[in-house]
Amino acid sequence: MSDSARVGIVLVSHSAALAAGTAELADQVSGGTVAIVPAGGTDDGRLGTSIDKVRDALGMADSGAGVVILPDLGSSVLTVRALLADGEELPEPVAIADAPFVEGAVAATIAAAVGGDVKAVTAAAEEARHARKL
Amino acid sequence: MPESSEATVTLAGDLHARPAGSLAIAAAKFAASVQLSAGGNWADAKSVLSVMGIGATCGQIVTVRATGPDADEAVAALIEILVEATKVGA
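Line order of the protein sequences matches chains B and R. Per the numbering used here, the first sequence starts with residue 1, numbered consecutively. Per the numbering used here, the second sequence starts with residue 1, numbered consecutively.
These aren't lab readings, by the way, just hints derived from the structure by calculation. Mixed in with the good hints there might be a few duds.
[Stated by the list, open to error] Mimicking DSS-like on lysine-lysine, the simulated pairs with C-alpha atoms at most 30 Å apart in a straight line are:
| id | chain 1 | residue 1 | chain 2 | residue 2 |
| --- | --- | --- | --- | --- |
| 1 | R | K87 | B | K119 |
| 2 | R | K29 | B | K133 |
| 3 | R | K29 | R | K87 |
| 4 | B | K133 | R | K87 |
| 5 | B | K133 | B | K119 |
[Claimed, not checked] Chain R side only, calculated, beta carbon under 7 Å to chain B, not exhaustive:
| id | residue |
| --- | --- |
| 6 | L11 |
| 7 | G13 |
| 8 | A17 |
Glycine included, every Cβ here is placed at the ideal spot set by N, Cα and C.
The task is simple: from the sequences and hints, build the whole structure.
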């Protein structure tokens, strides 16, 4: 709970619209105080994932406290892992959250908004797996 | 002996995602543990998904309960958000 930098969130989806819409929703719920950057679709706008988009999003999301990445399905995870394994210079620390996409994004963003570190934000996203909506 | 506090409010509108976020952010500022209930379901006020999960709707009575050193302040802050954020048109 301080004025220091907040953890950023990157949403990696096969669909640019899904990533952007989820970012919009999480931004509304958290009151717009966290950098939530969508990285959806391929470089030419088709369904798929782009390592370049994820790299750019990481740079945009980081304000010094690190970034938590939420992948949607399958190859989103592979793309994120490939980027992290590349050994190039990326924000530190970075974590991948194993979480439902929408609920995880909302929970992670609230955790970041209240000053949680990368570990706390990742945990909040992963706890979303157990949240009942009915 | 930890301080505890409790208050209720009748919702003027449904408890949507945005006020749930405001409640979770506000609750996190207090050391006290804070819970909300509506219709017999209890939620951890610091968990946005838990708050959304109680599905509180217009006309329901919501109870806010806190235990800890700043329990009174926590309950007052959350009641105020529940009143403001569920006003029709908010």
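We went through each hint and held it up to the structure:
no. : hint            : result
1   : R:K87 - B:K119  : violated (36 Å)
2   : R:K29 - B:K133  : holds (25 Å)
3   : R:K29 - R:K87   : holds (23 Å)
4   : B:K133 - R:K87  : holds (23 Å)
5   : B:K133 - B:K119 : holds (24 Å)
6   : L11             : violated (18 Å)
7   : G13             : violated (16 Å)
8   : A17             : holds (5 Å)
The structure fails to meet hints 1, 6 and 7 from the earlier list, while all remaining hints are met.
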